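Novice: The chain contents come next:
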Amino acid sequence: MAIETTFDFDQMLSNAREAFGEELMRMADDGLDFVFTYSDNVALSSSTGKFTQKYPERCFNFGIAEPDQVGASAGLALAGNVVYSQVFGPFLPLRAADQIHTDIAYNDVNVRLIGTHAGVTAGGGPTHNDIADLALYRAIPNLTVFVPADAGQCIKGIRAAYDFQGPMIIRINRGGSPNVYASDDYELEFGKAIETYPGTDLAIISCGSEVYEALMAARILKEKGISARVIDMHTIKPLDYDMIEKCASEVGVIIAAEEASINGGLGSAVAEYLAERGYDGKFARIGIPDEFALLGSLPDVYRHYEIDAEGIAKKALELLA
Amino acid sequence: MAIDKIADAAIYEELTDKAFKLRRDLLTFSTQINMSHLGGELSMMEMAVALYYRYMKYDFSNPKWPERDRFILSKGHCSEVLYMILQDKGVYTMDYIVEHFETLETAQFGQHSNRKYVPYIEISAGSLGHGLPIATGYALGARYRNENYRVIVMVGDGELCEGTNWEAMMAAAHYQLGNLVLIIDKNKLSMTGYTKDVMNIDPLDKKLEAFGFNVINCENGNDMKCVCEALDQLPEPDCAIKRAPTAIISNTVKGFGVDFMEDKWNWHGGGLAKEQLEEALASLDRKRSEI
Numbered sequence: 022m023a024i025e026t027t028f029d030f031d032q033m034l035s036n037a038r039e040a041f042g043e044e045l046m047r048m049a050d051d052g053l054d055f056v057f058t059y060s061d062n063v064a065l066s067s068s069t070g071k072f073t074q075k076y077p078e079r080c081f082n083f084g085i086a087e088p089d090q091v092g093a094s095a096g097l098a099l100a101g102n103v104v105y106s107q108v109f110g111p112f113l114p115l116r117a118a119d120q121i122h123t124d125i126a127y128n129d130v131n132v133r134l135i136g137t138h139a140g141v142t143a144g145g146g147p148t149h150n151d152i153a154d155l156a157l158y159r160a161i162p163n164l165t166v167f168v169p170a171d172a173g174q175c176i177k178g179i180r181a182a183y184d185f186q187g188p189m190i191i192r193i194n195r196g197g198s199p200n201v202y203a204s205d206d207y208e209l210e211f212g213k214a215i216e217t218y219p220g221t222d223l224a225i226i227s228c229g230s231e232v233y234e235a236l237m238a239a240r241i242l243k244e245k246g247i248s249a250r251v252i253d254m255h256t257i258k259p260l261d262y263d264m265i266e267k268c269a270s271e272v273g274v275i276i277a278a279e280e281a282s283i284n285g286g287l288g289s290a291v292a293e294y295l296a297e298r299g300y301d302g303k304f305a306r307i308g309i310p311d312e313f314a315l316l317g318s319l320p321d322v323y324r325h326y327e328i329d330a331e332g333i334a335k336k337a338l339e340l341l342a
Numbered sequence: 047m048a049i050d051k052i053a054d055a056a057i058y059e060e061l062t063d064k065a066f067k068l069r070r071d072l073l074t075f076s077t078q079i080n081m082s083h084l085g086g087e088l089s090m091m092e093m094a095v096a097l098y099y100r101y102m103k104y105d106f107s108n109p110k111w112p113e114r115d116r117f118i119l120s121k122g123h124c125s126e127v128l129y130m131i132l133q134d135k136g137v138y139t140m141d142y143i144v145e146h147f148e149t150l151e152t153a154q155f156g157q158h159s160n161r162k163y164v165p166y167i168e169i170s171a172g173s174l175g176h177g178l179p180i181a182t183g184y185a186l187g188a189r190y191r192n193e194n195y196r197v198i199v200m201v202g203d204g205e206l207c208e209g210t211n212w213e214a215m216m217a218a219a220h221y222q223l224g225n226l227v228l229i230i231d232k233n234k235l236s237m238t239g240y241t242k243d244v245m246n247i248d249p250l251d252k253k254l255e256a257f258g259f260n261v262i263n264c265e266n267g268n269d270m271k272c273v274c275e276a277l278d279q280l281p282e283p284d285c286a287i288k289r290a291p292t293a294i295i296s297n298t299v300k301g302f303g304v305d306f307m308e309d310k311w312n313w314h315g316g317g318l319a320k321e322q323l324e325e326a327l328a329s330l331d332r333k334r335s336e337i
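Those protein sequences? They're chains Z and V, same order as listed.
The numbering used here puts the first residue of the first sequence at 22, with every later residue one more than the last.
The numbering used here puts the first residue of the second sequence at 47, with every later residue one more than the last.
Keep in mind that the hints were calculated from the coordinates and are not lab data.
These numbers were taken from a predicted model, which means no experiment stands behind them.
In this text, a Cβ means the ideal position worked out from N, Cα and C, and glycines have one as well.
Check before you lean on any hint, since a few could be wrong.
[What the hints assert, rightly or not] Simulated restraints, written as ranges between beta carbons of each label pair:
hint	chain 1	residue 1	chain 2	residue 2	range
1	Z	Gly146	V	Leu280	35 to 41 Å
2	Z	Asp51	V	Lys271	52 to 58 Å
3	Z	Gly146	V	Lys271	44 to 50 Å
4	V	Lys67	Z	Asn62	39 to 45 Å
5	Z	Gly144	V	Asp251	41 to 47 Å
6	Z	Pro77	V	Thr77	53 to 59 Å
7	V	Lys67	Z	Asp61	33 to 39 Å
8	Z	Asn284	V	Ile337	57 to 63 Å
9	Z	Asp301	V	Thr77	56 to 62 Å
10	Z	Pro162	V	Glu265	33 to 39 Å
11	Z	Gly212	V	Tyr163	22 to 28 Å
12	Z	Pro162	V	Ile52	53 to 59 Å
13	Z	Gly146	V	Lys252	37 to 43 Å
[To be verified] Cross-link-like lysine to aspartate or glutamate pairs, in silico, EDC-like; alpha carbons within 16 Å at most:
hint	chain 1	residue 1	chain 2	residue 2
14	V	Lys162	Z	Asp129
15	V	Lys288	Z	Asp129
16	Z	Lys213	Z	Glu244
17	Z	Lys243	Z	Glu331
[Claimed, not checked] Covered stretches of chain V, as calculated for chain Z (at least 3 residues, CB under 8 Å):
hint	region
18	71 to 84
19	164 to 174
20	322 to 330
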């Protein structure tokens with residue numbers, strides 16, 4: 022079932038990073054008991070910074086030491102606490118991979134690791150790009166990986182994660198990307214993708230900030246008389262294979278779009294399923310290719326790697342030709 | 047000799063007997079499963095026995111007792127010491143452990159322990175440098191919940207090469223976790239040689255002090271009196287009091303008790319062949335009689 026999207030979203034900027042700090046504040050204000058670990062990258066003026074000032078007894082700063090932060094988060098959880106932990110984008114999967122694997126996933130603890138500045142949204146070049154994470158997370162058992170499409174969905178997920186049993190990654194971008202959903206009046210279930218926009222000629226399976234780009238691409242394509250379906254695959258693990266199957270059985274062209282390396286992430290997961298299924302339609306991955314991303318402004322990087330709406334629409338036209 | 051000293055001496059004797067009994071159990075067990083890390087298991091035995099049989103608040107009939115002291119074995123490759131304690135305490139029989147050792151679907155025990163299968167295991171460990179960060183968070187979590195138990199974490203000296211230990215030491219001192227106890231089983235050998243040759247960690251006491259720990263030097267970690275005297279110095283685990291975390295440097299001999307294993311790096315891993323068992327047990331008996 023398609024749900025209502027803004028589709029006229031250009032003016033409705035949202036900020037998942039700010040939203041998540043605001044939601045932590047609301048949850049604490051509502052009396053939910055949890056602790057928060059963070060790094061030396063949480064500005065006091067940010068919503069998260071305000072949360073740490075209002076609830077200092079439950080907030081623990083680990084400086085610039087992501088492996089220790091993630092390991093200690095596991096310890097905090099073993100002591101009986103629900104833990105939310107914020108880490109700057111690439112330093113979560115790359116610095117703390119061993120701790121995510123062993124301390125969090127293998128030890129099966131209730132830690133929600135929130136990686137901010139996902140993909141290339143931090144700017145600043147490859148040292149600050151977070152594009153290898155989805156490939157890593159997919160290969161670690163017992164991880165739920167949630168990639169919200171906008172601030173509203175992020176808030177839903179942050180709140181729902183409180184009662185969730187087991188480890189979870191929440192991957193959000195820097196902020197400033199538009200809202201996808203016109204209202205919060207929809208069900209979010211981890212592992213269950215959303216058909217965000219209906220379409221019959223092709224399906225664009227996307228996650229995170231690429232859902233917005235996919236919707237914009239659908240609008241471009243609509244003007245050319247092409248009906249593009251947009252899937253919000255907000256959970257990368259466990260992946261909603263039923264939704265991929267539905268697309269495979271209903272449309273002859275599938276594109277997977279993510280703001281991550283094309284190797285090993287959402288696109289790879291979809292490709293694996295389609296290959297094993299014997300899909301006889303056309304398929305393409307959109308994401309950052311196998312290279313260190315060029316230096317440039319965010320819109321320029323999006324345009325260069327054709328992970329923006331125009332790039333997705335262009336790829337769709339190629340496959341449909 | 048004062049009466050309490052005589053009583054202490056009797057306790058040391060009893061605990062030493064236990065340590066040697068568990069060593070015999072361990073060697074016998076090792077020949078049955080043919081995979082162990084005997085060097086480090088034999089070096090840490092006195093400390094483990096002193097903790098589980100005397101110092102830790104622990105109830106073997108209730109492994110999830112909320113008030114228990116937590117023992118986190120960061121050098122997870124020495125988990126068989128914990129299994130030996132569990133069988134000695136009657137939690138599992140030796141046969142049961144052998145029959146459930148790395149047996150796929152029925153496995154509960156392994157060279158590296160898994161907390162999911164054995165409720166007495168506090169963390170699933172194996173790769174090094176994980177225990178201290180987890181213990182630091184655990185001690186912080188205990189304070190947040192206002193629960194007064196000790197979080198005791200044992201690491202190997204070779205393990206201190208892993209930078210996460212030093213990250214965690216900074217955090218433990220920063221948060222003044224007086225309920226945290228770090229024990230270094232300093233047997234001076236890592237997998238391929240002496241730590242001073244592989245990667246020197248000395249002067250360890252000065253480094254720990256510089257990182258904000260209250261350091262207790264246990265000159266001979268294979269001498270029960272020395273071990274107990276070190277543990278007697280632990281502060282009360284009052285989580286609300288902010289003070290320096292404690293580190294005990296336990297100077298031990300890798301492979302302690304078996305002459306052909308003592309101070310030999312090549313006994314880090316691997317099992318004991320059945321043909322060697324008799325000789326090893328005889329060596330243990332000789333060592334016990336010397337103490």
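Novice: Has the hinted range 53 to 59 Å been met by the Cβ atoms of Pro77/Z and Thr77/V?
Specialist: Given about 55 Å between the Cβ atoms, the range holds.
Novice: Could you see if the CB distance from Asn284/Z to Ile337/V stays within 57 to 63 Å?
Specialist: holds, 60 Å
Novice: 41 to 47 Å was suggested as the range; check whether the CB atoms of Gly144/Z and Asp251/V agree with it.
Specialist: holds, 46 Å
Novice: Assess, step by step, whether the Cα of Lys213/Z is no farther than 16 Å from the Cα of Glu244/Z, and give holds or violated.
Specialist: Measuring from Cα to Cα gives roughly 30 Å; hence the hint is violated.
Novice: Should the hint that Gly146/Z and Lys252/V are 37 to 43 Å apart at their CB atoms be regarded as holding?
Specialist: For Lys252/V against Gly146/Z, whose Cβ atoms are near 40 Å apart, the range 37 to 43 Å holds.
Novice: Return holds or violated for the Cβ distance of Gly212/Z and Tyr163/V against the range 22 to 28 Å.
Specialist: Because 26 Å falls inside the window, the suggested range holds.
Novice: Tell me if the straight-line CA distance from Lys162/V to Asp129/Z falls inside 16 Å.
Specialist: holds, 9 Å
Novice: For the hint 44 to 50 Å, verify it against the beta carbon of Gly146/Z and that of Lys271/V.
Specialist: Given a distance of about 60 Å, which is not inside 44 to 50 Å, the answer is violated.
Novice: Kindly confirm whether 52 to 58 Å is satisfied by the beta carbon distance between Asp51/Z and Lys271/V.
Specialist: Since the Cβ atoms of Asp51/Z and Lys271/V sit about 55 Å apart, the hinted range of 52 to 58 Å holds.
Novice: Taking 33 to 39 Å as the hint, is the beta-carbon distance of Lys67/V and Asp61/Z inside that range?
Specialist: Since Lys67/V and Asp61/Z have Cβ atoms about 50 Å apart, the given range 33 to 39 Å is violated.
Novice: Hint check: Lys243/Z vs Glu331/Z, CA-CA at most 16 Å. Holds or violated?
Specialist: With a Cα-Cα distance of about 13 Å, the restraint between Lys243/Z and Glu331/Z holds, given a limit of 16 Å.
Novice: Does the Cβ-Cβ separation between Gly146/Z and Leu280/V fall within 35 to 41 Å?
Specialist: Given range 35 to 41 Å: violated, Cβ gap about 49 Å.
Violation of the numbered hints given earlier is confined to hints 1, 3, 4, 7, 10, 15, 16, 18 and 20; the remaining hints are satisfied by the structure.
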